[in-house]
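Engineer: Chains as they are written, first to last, in this note's numbering: chain F, 259 to 585; chain H, 259 to 585; chain C, 259 to 585; chain W, 259 to 585.
It should be emphasised that the hints constitute simulated quantities derived from the structure, not laboratory data.
Mixed in with the good hints, there may be bad ones.
If chains are identical, the list can't say which one is meant, so a pair holds when it fits in one copy or spans any two.
SDA-like cross-link-like pairs, simulated, lysine to any residue; straight-line CA separation at most 20 Å [said to hold, decoys possible]:
#1 LYS265 x ASP528
#2 LYS511 x GLN539
#3 LYS433 x ARG474
#4 LYS433 x PRO466
Protein chains: 4
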Amino acid sequence: MNLDFYKAFNIHIDLAVEAHEIIRGEAGREIPGVIVDREKYENATVTIVKIVEENAEQLMGKPRGNYITIEAPALRDNNREAQREVAEVLAEKLKSLFNLPENANILLVGLGNWNATPDSLGPKVINQSMVTRHLYKYAPEELQGGLRSVSALAPGVLGITGIETAEIIKGVVEKIEPELIIVVDSLAAGSVERIASTIQIADTGISPGSGIGNRRSGINQETMGVPVIAIGIPTVVNAAVIAQVTVEHFLEKLQNTPVLNQIYKNLRPDFTHQVINDVLQPFAGNLTVTPKEIDALILSTSKIVAGGISMALHPAIDLEEYNMYLN
Amino acid sequence: MNLDFYKAFNIHIDLAVEAHEIIRGEAGREIPGVIVDREKYENATVTIVKIVEENAEQLMGKPRGNYITIEAPALRDNNREAQREVAEVLAEKLKSLFNLPENANILLVGLGNWNATPDSLGPKVINQSMVTRHLYKYAPEELQGGLRSVSALAPGVLGITGIETAEIIKGVVEKIEPELIIVVDSLAAGSVERIASTIQIADTGISPGSGIGNRRSGINQETMGVPVIAIGIPTVVNAAVIAQVTVEHFLEKLQNTPVLNQIYKNLRPDFTHQVINDVLQPFAGNLTVTPKEIDALILSTSKIVAGGISMALHPAIDLEEYNMYLN
Amino acid sequence: MNLDFYKAFNIHIDLAVEAHEIIRGEAGREIPGVIVDREKYENATVTIVKIVEENAEQLMGKPRGNYITIEAPALRDNNREAQREVAEVLAEKLKSLFNLPENANILLVGLGNWNATPDSLGPKVINQSMVTRHLYKYAPEELQGGLRSVSALAPGVLGITGIETAEIIKGVVEKIEPELIIVVDSLAAGSVERIASTIQIADTGISPGSGIGNRRSGINQETMGVPVIAIGIPTVVNAAVIAQVTVEHFLEKLQNTPVLNQIYKNLRPDFTHQVINDVLQPFAGNLTVTPKEIDALILSTSKIVAGGISMALHPAIDLEEYNMYLN
Amino acid sequence: MNLDFYKAFNIHIDLAVEAHEIIRGEAGREIPGVIVDREKYENATVTIVKIVEENAEQLMGKPRGNYITIEAPALRDNNREAQREVAEVLAEKLKSLFNLPENANILLVGLGNWNATPDSLGPKVINQSMVTRHLYKYAPEELQGGLRSVSALAPGVLGITGIETAEIIKGVVEKIEPELIIVVDSLAAGSVERIASTIQIADTGISPGSGIGNRRSGINQETMGVPVIAIGIPTVVNAAVIAQVTVEHFLEKLQNTPVLNQIYKNLRPDFTHQVINDVLQPFAGNLTVTPKEIDALILSTSKIVAGGISMALHPAIDLEEYNMYLN
């Protein structure tokens with residue numbers, strides 16, 4: 259897998275850990291300006307990719323900042339202990355990315371299309387979140403202890419509203435002036451085993467072209483004027499990626515056939531791209547691969563994300579509290 | 259029925275024709291500064307209430323402007339001929355309230371709560387509308403003939419977002435700068451026979467306190483900076499209104515009993531209000547009356563409203579076209 | 259309030275505690291063949307009405323059996339402690355009504371119309387229930403410990419399917435042969451303060467004419483061939499009931515006016531019925547009263563019911579487990 | 259593409275035209291006992307595959323009967339003229355498969371999972387169908403002219419109900435005794451260009467293992483006791499198919515490299531299967547490929563299918579009527 263392929267099919271690499279792996283693979287060495295850390299938990303591995311220098315930014319195709327990835331294959335098995343631990347790790351890592359007073363205003367944004375199951379993670383998280391801004395505004399101070407002021411928006415997608423999502427969010431941000439925006443989105447991954455088992459938290463917000471629906475504009479500190487943290491979970495793999503990986507893996511397994519290896523080395527990459535394009539006509543890069551049980555996976559992961567966010571934002575809430583609260 | 263009752267229960271009179279009738283009834287004469295016209299159609303009666311003077315504004319409790327009411331009891335019977343005629347009358351009357359170039363931008367807003375059937379009319383109309391702004395922006399000019407640039411928003415309600423609906427809309431309006439806003443909302447009526455059989459079109463937008471959910475802020479030219487046309491359909495009657503009307507009707511039918519008439523005349527209005535309050539505890543003015551088949555009525559009227567709006571905004575669309583287009 | 263009124267408007271009295279109160283009120287004495295017990299909990303009162311004799315059956319308009327009512331006004335305030343206690347009381351009372359082996363098959367049925375918010379309690383409970391029959395069937399025995407075999411059905415309503423609900427259920431019952439059916443339904447109450455704060459559990463199943471949608475046929479041991487337990491929560495009051503109660507309360511408060519009292523005594527009941535009929539035209543007994551926040555109330559009570567059922571059926575599940583499990 | 263592949267991945271070939279092509283390809287000649295006819299329309303091509311002999315049944319992996327395929331790529335472009343024509347062709351072909359009196363009872367069944375967009379075609383068609391059985395039963399005879407008695411069921415999927423779909427349907431069928439069952443389902447195709455552009459009508463019903471969700475039991479005359487017509491539209495391609503086709507197409511394009519051709523010929527098929535299995539871990543044959551706009555495609559095709567069925571069943575209904583009727 260290499261960058262040419264992603265460019266040819268106009269596919270955005272949503273996960274920083276995947277971008278890092280591809281680029282390091284192509285370079286054959288560590289990427290200067292990128293720092294990678296790992297932490298192990300009972301049911302999860304956390305990888306922190308820090309892009310700290312400008313030229314690393316360009317190499318990685320991602321802005322400078324922190325990209326925290328929680329990998330927990332047990333999530334896919336509906337393992338309750340793993341779900342609980344991942345929600346807690348998510349809360350802890352999320353808190354590590356902001357520093358807000360108790361009375362701060364936070365805007366949650368659920369990106370994506372509620373009519374298309376794999377793209378509905380963001381709106382589903384919004385449905386399950388503890389929205390308090392309207393209570394907070396009118397409640398006596400003593401009742402506000404332990405709950406921050408949270409508002410929530412599921413702006414829909416361009417095909418439904420006719421309006422760029424970023425325009426809707428920016429308009430609302432200018433009215434309610436939050437101190438922080440947390441954006442939740444469905445992502446595309448490079449391999450199917452990441453679907454519903456990986457969570458990425460990035461303090462760089464949303465880049466143009468990312469997400470299943472290829473959100474067209476960025477949603478980040480630059481465009482919004484306040485810090486934006488993006489939480490994303492892969493729910494699909496682009497079908498072109500599957501096709502490309504299959505061909506590569508096919509050839510790899512034939513590597514010990516020297517003639518073939520020779521032929522492969524002489525192949526221009528666009529030969530394979532043309533093959534893939536033919537197979538995916540008339541949709542080309544616009545096809546996604548999902549497991550059949552994607553609806554159940556979206557439901558269970560949306561609950562983990564909503565629970566993690568609630569614990570991170572509302573100091574008075576633990577997971578039991580959140581589960582009872584949520585109706 | 260009198261104004262004291264509405265004040266006591268903090269109930270907004272959404273329909274201008276009802277406000278007009280009550281106030282004229284109390285005054286015992288025509289209201290200066292209000293002009294009323296009527297037109298008859300095969301399956302519908304149209305009443306146009308024009309509030310033209312400032313003191314009429316105060317008497318009526320509604321801003322100066324045009325309030326067009328289409329009454330069509332046949333709508334409730336799922337009468338297809340009536341549905342078709344009402345959609346066409348709606349389109350015609352709507353067009354009479356704006357004067358826009360072919361390339362104007364229009365923002366449709368569906369107010370209300372999609373989780374509460376009687377309050378879901380606005381979002382349902384949005385679901386069935388022809389949104390074109392995103393196509394228009396990129397389409398060659400020759401393809402734009404006959405379709406105006408329309409965007410659409412269902413902003414949700416305060417309890418879901420934590421944000422005043424008017425703030426969300428105003429934020430979006432400042433970004434996309436439409437020339438006209440059309441707002442669709444579920445209304446409360448003074449009698450159950452108006453449910454799903456009356457449509458009000460007003461060029462004064464939405465007043466604070468109107469609608470089922472008592473939208474708290476106004477959505478009108480003053481707050482939005484552009485003309486706002488509101489289309490509303492009663493889907494509920496306040497339960498306090500039903501209780502009050504029942505007592506009044508009960509006493510009316512006993513009128514020829516002179517003692518009773520005497521007693522009734524001596525009753526302070528708040529005696530009845532207290533009775534009603536007792537019965538409606540702990541919800542008081544916060545209870546609504548709907549027919550059991552409200553879901554079917556909302557679906558059929560939302561289609562008529564969406565069809566009427568499409569015909570009014572897109573010169574190239576007739577009702578058959580709209581029905582085929584709509585998926 | 260008396261039985262004549264309910265007959266005149268063809269309104270079913272869904273709650274046994276209400277039927278009992280009305281009939282005892284009319285009789286002016288205890289009803290032979292009916293035994294009433296009360297238990298107090300921290301946040302709830304439980305009333306058990308046992309109809310034990312045949313002539314009590316006719317007087318009460320309900321078949322012999324146990325009607326357990328949990329009343330918990332705190333439910334309406336989204337009080338988490340009350341929600342937890344009520345779920346546990348519900349589980350305990352439900353268990354008192356059946357005696358099943360560990361490997362019994364249970365069919366849950368959620369009655370009602372998912373498109374009409376107040377009638378959607380049954381389908382919402384089904385959505386949140388732990389369905390295990392398909393796992394149970396293929397799982398090794400040691401994995402089945404603590405989970406009973408549960409299947410679930412939301413058959414819809416006559417207007418959607420064209421088929422009597424009881425026919426659909428009976429057809430499925432004959433195929434899967436459950437040992438017990440638990441039916442969940444939205445009920446109508448006689449006063450608004452019962453909405454979303456009262457739960458009735460009856461081992462007599464569903465009587466014809468009960469529920470918001472006036473389910474036409476009975477769903478009980480006689481029609482289904484296996485025991486049927488019905489769990490119901492009032493989500494509406496019939497608008498005719500509100501009107502009637504208002505008139506009665508109005509006259510009560512005027513009772514110390516002797517002439518009026520005299521007149522009232524001479525009024526035939528159908529005088530008031532005619533008044534109410536006039537006010538509710540053209541819907542008559544077909545109008546329901548609900549609080550505006552009914553969507554939130556349905557969501558929170560459906561979670562309590564689903565949690566209580568899960569605890570009662572699956573010995574291995576406590577409320578925390580259920581909350582984590584539920585995605 | 260060959261049968262070994264489908265067996266290895268346990269993938270059902272839903273479309274008879276595709277099965278026919280593969281098997282004829284492998285055999286290198288026409289298949290005895292299979293008759294194929296073609297008809298051309300303005301916007302559609304109709305292929306009729308008749309399996310008439312027992313040994314053809316085994317070769318094709320499909321029971322004897324008629325498989326009518328309507329192919330209309332214009333459907334995907336939201337072409338209104340094509341939509342209208344396809345709905346009419348569907349109605350005509352559907353009518354060619356049954357011969358029923360005016361007062362026949364027909365049961366529509368929408369298979370699939372309403373929570374998973376690509377699998378929601380069946381339930382969406384049910385939502386948009388004209389259900390009349392409950393009206394028919396009570397309506398005077400003169401009002402029944404031109405409308406047949408139609409009931410409708412969306413039984414859900416095993417993971418939601420815990421009950422085999424065929425058991426639910428069979429139970430209902432035994433109660434309401436329809437003369438004909440029409441089942442609508444989402445299918446899997448062998449190439450992405452068939453998604454939302456091909457409709458298959460088969461008088462053999464549903465075979466075990468077909469459909470996106472691999473419905474486990476058959477729904478056909480044998481299991482139901484009455485004729486079953488299945489209408490299916492491909493909404494996905496299995497990801498393993500995409501991977502296999504990509505490898506095959508890759509090798510085809512390298513065919514003129516003789517060494518490679520040699521190597522390929524010597525490859526056992528399970529070499530490629532192993533490659534594909536590796537890439538699709540941990541989901542293997544359980545991954546589907548869909549276009550990103552699948553929600554819009556499902557909506558538009560469900561309307562065409564519901565319109566076609568209504569025209570076929572109700573002699574009094576044409577497409578305009580249906581569009582106005584449908585709310």
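Engineer: What are the numbers of the hints that this structure violates, sorted from low to high?
Structural biologist: Per hint list: zero violations.
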